[in-house]
Each structure stands twice: as C-alpha cells, then as structure tokens.
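Residues per chain, in single letters:
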Amino acid sequence: MKILLMLAMCCLGFSTEVFAFGMSVGGFGSGPLGGNNKDMQRARHVKQIYQLARALIPISDEEETALGRGVVKQILTRYQLDHNPEQTYYLNVLGTALAQRSERPQLQYHFAILATDDVNAYAAPGGFIFVTRGALNMVQDEAELAAILAHEIAHVTERHIVKALQQSRLMSVGKEAVADAFKVPDKIFDQMTKFATNALFKGLKKKDEYAADAKGIQYLDRLGYDSPAMYDVLELLDERRKQGKTKVLAKTHPRPSDRLKKLKSKSEELGLYQPTGIRLPERFHHFI
Amino acid sequence: MRLLGILIFTCLLPFPAWASDQFYIGARGGIDLVDEPKTQAKVITHLPRMSDVQFVRNQRAWTKVRAVYEQATVEGWVPAGAVRKRYNAQAAKSASTGFFSGFSSLFHRDETAHSKTAVLGVRGFENEAGGKTTTDEAQQAMSISQNAAWVESLQVSDQDVSAFIKQGDLNP
Numbered sequence: 001m002k003i004l005l006m007l008a009m010c011c012l013g014f015s016t017e018v019f020a021f022g023m024s025v026g027g028f029g030s031g032p033l034g035g036n037n038k039d040m041q042r043a044r045h046v047k048q049i050y051q052l053a054r055a056l057i058p059i060s061d062e063e064e065t066a067l068g069r070g071v072v073k074q075i076l077t078r079y080q081l082d083h084n085p086e087q088t089y090y091l092n093v094l095g096t097a098l099a100q101r102s103e104r105p106q107l108q109y110h111f112a113i114l115a116t117d118d119v120n121a122y123a124a125p126g127g128f129i130f131v132t133r134g135a136l137n138m139v140q141d142e143a144e145l146a147a148i149l150a151h152e153i154a155h156v157t158e159r160h161i162v163k164a165l166q167q168s169r170l171m172s173v174g175k176e177a178v179a180d181a182f183k184v185p186d187k188i189f190d191q192m193t194k195f196a197t198n199a200l201f202k203g204l205k206k207k208d209e210y211a212a213d214a215k216g217i218q219y220l221d222r223l224g225y226d227s228p229a230m231y232d233v234l235e236l237l238d239e240r241r242k243q244g245k246t247k248v249l250a251k252t253h254p255r256p257s258d259r260l261k262k263l264k265s266k267s268e269e270l271g272l273y274q275p276t277g278i279r280l281p282e283r284f285h286h287f288i
Numbered sequence: 289m290r291l292l293g294i295l296i297f298t299c300l301l302p303f304p305a306w307a308s309d310q311f312y313i314g315a316r317g318g319i320d321l322v323d324e325p326k327t328q329a330k331v332i333t334h335l336p337r338m339s340d341v342q343f344v345r346n347q348r349a350w351t352k353v354r355a356v357y358e359q360a361t362v363e364g365w366v367p368a369g370a371v372r373k374r375y376n377a378q379a380a381k382s383a384s385t386g387f388f389s390g391f392s393s394l395f396h397r398d399e400t401a402h403s404k405t406a407v408l409g410v411r412g413f414e415n416e417a418g419g420k421t422t423t424d425e426a427q428q429a430m431s432i433s434q435n436a437a438w439v440e441s442l443q444v445s446d447q448d449v450s451a452f453i454k455q456g457d458l459n460p
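As they're listed, the protein sequences go chains A and B. Per this note's numbering, residue 1 is the first one in the first sequence, and the count goes up by one each step. Per this note's numbering, residue 289 is the first one in the second sequence, and the count goes up by one each step.
Isolated chain B, as found in the complex (with noise of 0.2 Å):
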C-alpha cells in the first residue's frame, strides 16, 4: 500500500509543472522528435506543427517532451523553439491588471469583427488588414513604397512604454 503511493506520488510529481500548461510544436513544417538532446540523436518521431505536447524539462536549448505517437506516449527531445505554450486566456484574464488586460481584449476581440481593436497604440494599424494572417493579399497588393510608409508609421507612445514597463516590473 506504502509503495503504491509512493509510485503514485512519483507519477504525479510532474505533473503540476506542465499540467496547468499546454504546450504544441510551433516549428513550421513540424519538428523531429528525437532520443537525446544532441542534433545527430536519432529520430523517434516527427511532429506534425500544432500537435500537443506534453513540457517535461528544458536542458540548454532543447526541451524534453512527451507526446504520443502510435496510441503510445512517448518521450523525446525536440529544439527549444519549437515547444509553444498555449496561451491561456481565462488565466491571463483573472491574473492581469492594467496594460495587460487591455491587451487581453486584443485576443478576445470577435473573430468576425475586423480588428479595430488591434490597432490599440500604434499608429498606421487602422488602414491595414488586420488578423493573425503572415502574408495576406492585402500585403501583397501593397507596394513597397506603401510598406516602407507602414514601417515608419509604427510608433508608440510614451504612456503605452511606461505602461508596458509597469507592468513587466522594469526599470521604470
């Protein structure tokens, strides 16, 4: 009885590092699942980009990980970029105050809405297609000169750095 909590307690113990956590492969093209920390490890398994993880311990610039593969989990290293935190909304929420919960609103702004929101604090944002998107048409149709004139229209204000200062708990 003694050794099965022990052995319960032991499956548990890390549990709490990465349960309150999700974590995905955020490399593009997926990420190779692989048996030691080292680039010439051999490979397990590949990572499709998106598929969850689970964080078990980071060493140096790799992360150790488990996911699963085959109905099985298995246990591997993959780079330490490529592990991604989920971001979690309702946790951010409760645990923001100020500039950060403002920023929350950015994230949970209606998805079918343009981002007007989006373009909180910086300037030239409005006229821009906005959302997640990395290179949409209306970026493409823009020509270089326009993306040039977007460039230096990206500025913030003083009130929003020492917002964002405040709130990281920097050097004010």
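Pulled out of the complex, with its shape left as it was, chain A reads as follows (with noise of 0.2 Å):
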C-alpha cells in the first residue's frame, strides 16, 4: 500500500512536502494510538487523501489564460483602466523584460494602468498584470516599479490563485468537467472565475504574498536591477499604511514591515541582496 501510494505520487509529480505525506499515509493503521483517536486519524487521512486527489486535476496554460481572462472581466467592473499609451508601453516592456526572467517565460503577459489612487495591485491567472495609479505615484524610480511587478509576476509563475482553485471544493466535480467548462464556459467556469477573482481580491496566503516577495526579489536581481528596491517599496508601503493610504492592499496583504523582516531574512540565507545601483529615476520620470 505505502509503496504503490509513493510510487503513484511520483508518477503524478507531487512535491516533496506531499510525497512526505504520502509516507505518512502509508502508515496509517498502525502505530500506538487506539480507539477513537485511530479512526480519528484515519479520517483525517482519508480527508487529506480525498484533498489531495482534487489537487491532480491539472489546468494547462491554456486553461488558465481562459480562467485569467473571466478575472479580468471581474477586475474590469470594479475599476476603469487608464489607457495612457506611453506609460502603458513603459510597464509592458519592462514587464515584459521581469517575465523573461521568470520560470514562465512562455506565458504571454499583459500589463495595464488601473486608474484609481488606490495603492495596489493585482495578477490574474495566466498572466494579466494590472497596477494601480497610486502605486505608479508612490514608487520613485524603475528598480521600484520593477519591484511590484516582479511581486505580481511571482504570483503567476508560482500560479498562487491556480493552486488555490485546484484545492477547492469546486475541483471535486471531477476532472472531465472542469476540462469541459474550459471547452465552452458554463456555471463551473463562472464558479472558477468568481473564485479566482474573491482570492484576489480578498487576498491570498500570507505565506503567497511572502513567496512572492521572494521570487520577485530574484527577478529583479536576474534583470540587474538594484533588488533592494524591494525593500524600499516595503518601507514605502509602510508608510502609506501609516498614513491610512493602503486601506485595500492592508486587507488583502501582510504588515509591510513583516514582510520586510521575512524577505530580508530569506534574502541574506539565499545571498539575494545585491544593490547594482541601477535604480534608473530618469527613465522612470520620462514615462511615469
């Protein structure tokens, strides 16, 4: 049992932390507990097992484009788009250049200006980056700005909301039918699309939003900006919770100052600060 149980894990691809918990699976029955406590285990087990089997239906890139376009839309009812080209441009190319560095370069990414002064921003599944006007006001230079994108796009590369959905009660009306509201969008997709769009705007794990820190510290440092750019837009954001100016982004994200504290300490034990200087206000003040 507990070898064709790791042996089916690793033909599935599960991580480490899942194939350690196929092990643990594989001794469940045995051990010194009894009565109650036993079954009690073993429905946890069984729980856990039935969780991680909705975990296997995969969603392919194309899928998850799909899934990020029905976001959009929902993004699209609460907020206008600024349409100004040449800042439009401006984040696109170097958005584009972040996601080059990433381990998604494949996915086709689309950034665009939310108009509102809101300090935010957001990354639908499958590669849709939208930033606020108060983050583009608040950040002082491109290493900066490049920092809040390389967060929005370790969202997508890690695929955050995606996993999210995968470990969802609405996986479990089985793999053929998610695959089919994929096909022709129907009441599942529409499901999958709302619960997209509440993760992101209710916000994600604490321990995402610390990932994605960390991931887009490592973009940031790939492309040969100044990576503690992204400790100044931590301390910049704390600032503006202080001033009561990221209501929304307080809700949906860690304290900045925790986040600080937990990036710089991933950043020292993975050799990640690397201060290059190029931090590039000019070309950030002709767009921006």
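Rather than coming from a laboratory, the hints here were simulated on the basis of the structure. If you're wondering where the values come from, they're calculated on a predicted model, not measured in any experiment. Heads up, a few of these hints could be off.
Said to hold, decoys possible - Taking lysine-lysine pairs in the DSS-like style, the calculated list, with each CA pair at most 25 Å apart, reads:
hint: 1; chain 1: A; residue 1: LYS242; chain 2: B; residue 2: LYS330
hint: 2; chain 1: B; residue 1: LYS454; chain 2: A; residue 2: LYS215
hint: 3; chain 1: B; residue 1: LYS326; chain 2: A; residue 2: LYS242
hint: 4; chain 1: B; residue 1: LYS326; chain 2: A; residue 2: LYS247
hint: 5; chain 1: B; residue 1: LYS352; chain 2: A; residue 2: LYS245
hint: 6; chain 1: B; residue 1: LYS330; chain 2: A; residue 2: LYS247
hint: 7; chain 1: A; residue 1: LYS175; chain 2: A; residue 2: LYS206
hint: 8; chain 1: B; residue 1: LYS326; chain 2: A; residue 2: LYS261
To be verified - Calculated from the model, a selection of chain B residues having no Cβ within reach of chain A, i.e. all distances over 12 Å:
hint: 9; residue: ASP323
hint: 10; residue: LYS330
hint: 11; residue: ILE332
hint: 12; residue: THR333
hint: 13; residue: PRO336
hint: 14; residue: SER339
hint: 15; residue: VAL344
hint: 16; residue: THR361
hint: 17; residue: VAL362
hint: 18; residue: ASN435
To be verified - Distance windows between CB atoms, simulated:
hint: 19; chain 1: A; residue 1: PRO185; chain 2: B; residue 2: ALA329; range: 36 to 42 Å
hint: 20; chain 1: A; residue 1: LYS205; chain 2: B; residue 2: ARG345; range: 36 to 42 Å
hint: 21; chain 1: B; residue 1: GLN328; chain 2: A; residue 2: LYS206; range: 26 to 32 Å
hint: 22; chain 1: A; residue 1: LYS206; chain 2: B; residue 2: GLN310; range: 40 to 46 Å
hint: 23; chain 1: A; residue 1: GLN191; chain 2: B; residue 2: THR333; range: 51 to 57 Å
hint: 24; chain 1: A; residue 1: SER172; chain 2: B; residue 2: HIS334; range: 53 to 59 Å
Think of the CB as a built atom: it goes at the ideal place given N, C-alpha and C, for glycine as much as any other residue.
Could you use the hints to bring the two separately framed chains together as a complex?
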C-alpha cells in the first residue's frame, strides 16, 4: 500500500512535501493510537487524500489564460482602465523583460494601469497584471516599479490562484467537468472565475505573499536591477499604511514590516541582496 | 571678505543638486508640508498639486523640500512619493540614444495631433483614444469586454524588450 501510493505520487509529479505526506499516509492503521483517536486520525487522512485527489486535476497554461480572461472582466467591473499609451507601453516592456527572467517565460504577459489612487496591484492567472495609478505615483524610480511588477509576476509563475483553485471544493466536480468548463464556459467556469476573483480581492495566503516577495527580488536581481529596491517599496508601503492610504492592500496583504523582515531574512539566506545601483530614475520620470 | 566667500559657497553648495532639475508636487489633491519626517508632524502648509518645489534631500520615505509660502521660502518634509521631477526634454534628448531617443519623440509630438506615434510597439493602441487623460469619454464608452480585449492586445516585441534592456544597461 505504502509503496503503491508513493509510486503513484511520484508518477503524478507531487512535490516532496506531498511525497512526505504520502509516506505518513502509508503508516496509518499502525501505531500506538487506539480506539477513537485512531478513527479520527484515519478520517483526517482520508480527508487529506481526498484533498490531494482534487489537486490532481491539472490546469494547463491555456486553461489558466482562459480563467485569467474571466478574472480580468471582473477586475474591470470594479476599476476603470487608464489608457495612457506611453505609460502602458513602458509598463509592458518593463514587465515583459522581468517575466522573461521568470520560470514561466512562455506565457504572454499583459500589463495595464488601473485609474485609482489606491496603492495596489493585481495579478490574474495567465499573466494579466494590473498596477494602480496610486502605486505608480508612490514609487520613485524604475527599480521600485520593477519590484512591484516582479512581485505580481511571481504570483503568476508560482500559480498561487490556480493552486488555491485546485485545492478548492470546486474541483470535486471531476476532471472531465473541469476540462469541459474551460472548453465551453459554463456554470462551473463562472464559479471558478468567481473563486479566482475572490482570491484576488480578498487576498492570498500570507505565505504566498512572502513567496512572491522572495521570487520577485530574484527576478529583479536576474535582470540587473538594484534588488534592495524591493525593500524600499515595502518601506514606502509601510509609510503609506501608517498614513491610512493602503486600506485595500492592508486587508489583503501581510503588514509591509513583516514582509520586509521575512524578505530580508530570506535574501540573506539566499544571498539575494545585490545592490547594483541600477535604479533608472530618469527613465522612470520620462514615462511616469 | 573670506567669511562672505564661505557664506556664499555654503549657500550655493546644495544648489547644483536641485538647480538643474525641477520638481513639483505630483500627489493628487496636493500634500501637506510638515516640519518633521513623521506622519504626526506639525503641518506648515498645504502644497497644491503641481506646485513647484526645490528638492533638498531624501530621508527614507520622506523628501525635504523648499517651497514658497506667503512670499517666503519655507523648508519642510513631504512623503517621498509626492515629489515628482519635471521631465527635462532637452536633457533627455541630448543624452539619449537609440531606444530612448525613439521614445523622446513620443513626448515631443504635436499636441493637437492624434497620438499615432504613441502606438509604437503596443498592438491595440491604434484604435484607442491617445493622450494623457486618465478616464476619457472613449474609455467610458468602451464595454468591459472591449476593455478586456484591449488589455489582452497589450504586447511588446522581443526587439523592444532587448532595446529596453540595452538602453538601461541591464543584464541581457
């Protein structure tokens, strides 16, 4: 049983974390626990296996993009776009340069500006990234803007929303129903879009935000930007938070000071603090 | 005489830091000029958006500026993001080459003309109303689906990305 489960999980490309869980599952039915405790443990394991089984339903890049399109429409019901051509171009060329250094360069990324003074940014599945006018006004140079974009790109490359969806109850409809929903958008597709939009507006898991910071600083580093720019953005956000100017962001993200602390510790661990000095304030002010 | 010389030198010392660049308040609705780089600091005056300021120095998330208030020059602090540098078109034009100079043209177009040049590199702009306005009538008239399609049309070429990287002296 244990070997079979481990083999199955290997074939399905599970992470080591899940694989380790597989090993623990293999042990159920044995051990010192008895009676009710044993039953409860078994029930918990069954529930975990069920959750894992739901996670098996794959979502391809194309399906993710289709989901992203649905989320974009939801975003656009809440916000108006800012069509400034020069600034949108700048955002796209900068964002694409960063995305080409990411783990998912094959995706087609799109970057747009939301006409709101709120300081925020959103990343919909499939590579649709939005930055608010408030965020553009907050940052002071290109490296800081790159830091914001890199954080959002990291949400896409790490598939944070997609993973949350894969672990949701929605996936219990089964692989075929999910695949069909992507082919011909139906009620299930609408529910998935709603789920992804909620995840975006209500906030992802804290650990996902920390992970996006850590990945984002790597993208900055790979492209040659002054990676401490990511620290500066978090400090700016902290200032704005204290001034009560990041109400939406504050609800959906961990405190910037906590993010900074985590990021600094992670950067030290990975040797990511690379002050190259490339901040490009002139080019930034040229466009923004 | 010597003292006077030192005094004049001291006064001029910070001058080159901001004299060549012009700064203004870019925050929407303007911003309060405060006496210390703190959120709870005393407000000296309110600086309206687009008002000229002289940059003195940055300190973390705050910028020290000089501004004219009641015909006198006052110094104080504003949140760093509120200060914007005016784009010096002439300087950028003379300093830039290749990609950047290509973009300079975007900013020196005839204001009365439709911003055809602004569509360089981004598919989809051709059908949009150009210009600097943020929420123009054309945008409001567009349905959500059209806007979503516009977002999806925003793509840049590999050549543009390469030129951008090269111009910024970033890692190729």
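Now for the hints, and whether the structure bears them out:
1. The straight-line distance between the Cα atoms of A/LYS242 and B/LYS330 is roughly 16 Å, inside the 25 Å bound, and the hint therefore holds.
2. Distance restraint check for B/LYS454 and A/LYS215: the Cα-Cα separation of roughly 23 Å lies within the 25 Å cut-off, and the hinted pair is therefore satisfied.
3. Under the criterion of a C-alpha separation no larger than 25 Å, the hint pairing B/LYS326 with A/LYS242 is consistent with the structure, at around 10 Å.
4. Between B/LYS326 and A/LYS247 the CA atoms are separated by roughly 19 Å; this keeps the pair inside 25 Å, and the hint holds.
5. Restraint check for B/LYS352 and A/LYS245: the C-alpha separation of about 20 Å stays at or below 25 Å, so the hint holds.
6. Pair hint B/LYS330 plus A/LYS247 holds up; C-alpha atoms about 24 Å apart against a cutoff of 25 Å.
7. Simply put, A/LYS175 and A/LYS206 have alpha-carbon atoms about 29 Å apart, too far for the 25 Å limit, and the pair is violated.
8. Between B/LYS326 and A/LYS261 the CA atoms are separated by roughly 21 Å; this keeps the pair inside 25 Å, and the hint holds.
9. Every Cβ of chain A is farther than 12 Å from the Cβ of B/ASP323; the closest lies at roughly 16 Å, confirming the non-interface assignment.
10. At roughly 16 Å, the least C-beta separation between B/LYS330 and chain A is larger than 12 Å, which holds for a residue marked as non-interface.
11. The beta carbon of B/ILE332 sits about 17 Å from the closest Cβ of chain A, which is more than 12 Å, so the claim that it is off the interface holds.
12. The Cβ of B/THR333 lies farther than 12 Å from every Cβ of chain A, with a closest approach of about 18 Å, so its non-interface assignment holds.
13. With a minimum CB-CB distance of about 15 Å to chain A, B/PRO336 clears the 12 Å threshold, and the non-interface call stands.
14. The claim that B/SER339 is not at the interface with chain A holds, since no C-beta of that chain comes within 12 Å of its own (minimum 16 Å).
15. B/VAL344, annotated as away from the interface, keeps every beta carbon of chain A farther than 12 Å; the closest lies near 15 Å.
16. The claim that B/THR361 is not at the interface with chain A holds, since no C-beta of that chain comes within 12 Å of its own (minimum 24 Å).
17. Chain A leaves B/VAL362 outside its interface by the beta-carbon criterion, the shortest separation being 21 Å against a cut-off of 12 Å.
18. For B/ASN435, the shortest C-beta to C-beta distance to chain A comes to about 5 Å, within the 12 Å cut-off, and the non-interface label is violated.
19. A hinted range of 36 to 42 Å for the beta carbons of A/PRO185 and B/ALA329 is inconsistent with their spacing of about 53 Å.
20. A beta carbon spacing of about 40 Å between A/LYS205 and B/ARG345 agrees with the range 36 to 42 Å that was offered as a hint.
21. Judged by the Cβ atoms, the range 26 to 32 Å given for B/GLN328 and A/LYS206 holds: they are separated by roughly 29 Å.
22. As the Cβ distance of A/LYS206 to B/GLN310 is approximately 42 Å, the hint placing it in 40 to 46 Å holds.
23. The supplied range of 51 to 57 Å is met by A/GLN191 and B/THR333, whose beta-carbon atoms lie about 53 Å from each other.
24. Judged by the Cβ atoms, the range 53 to 59 Å given for A/SER172 and B/HIS334 holds: they are separated by roughly 57 Å.
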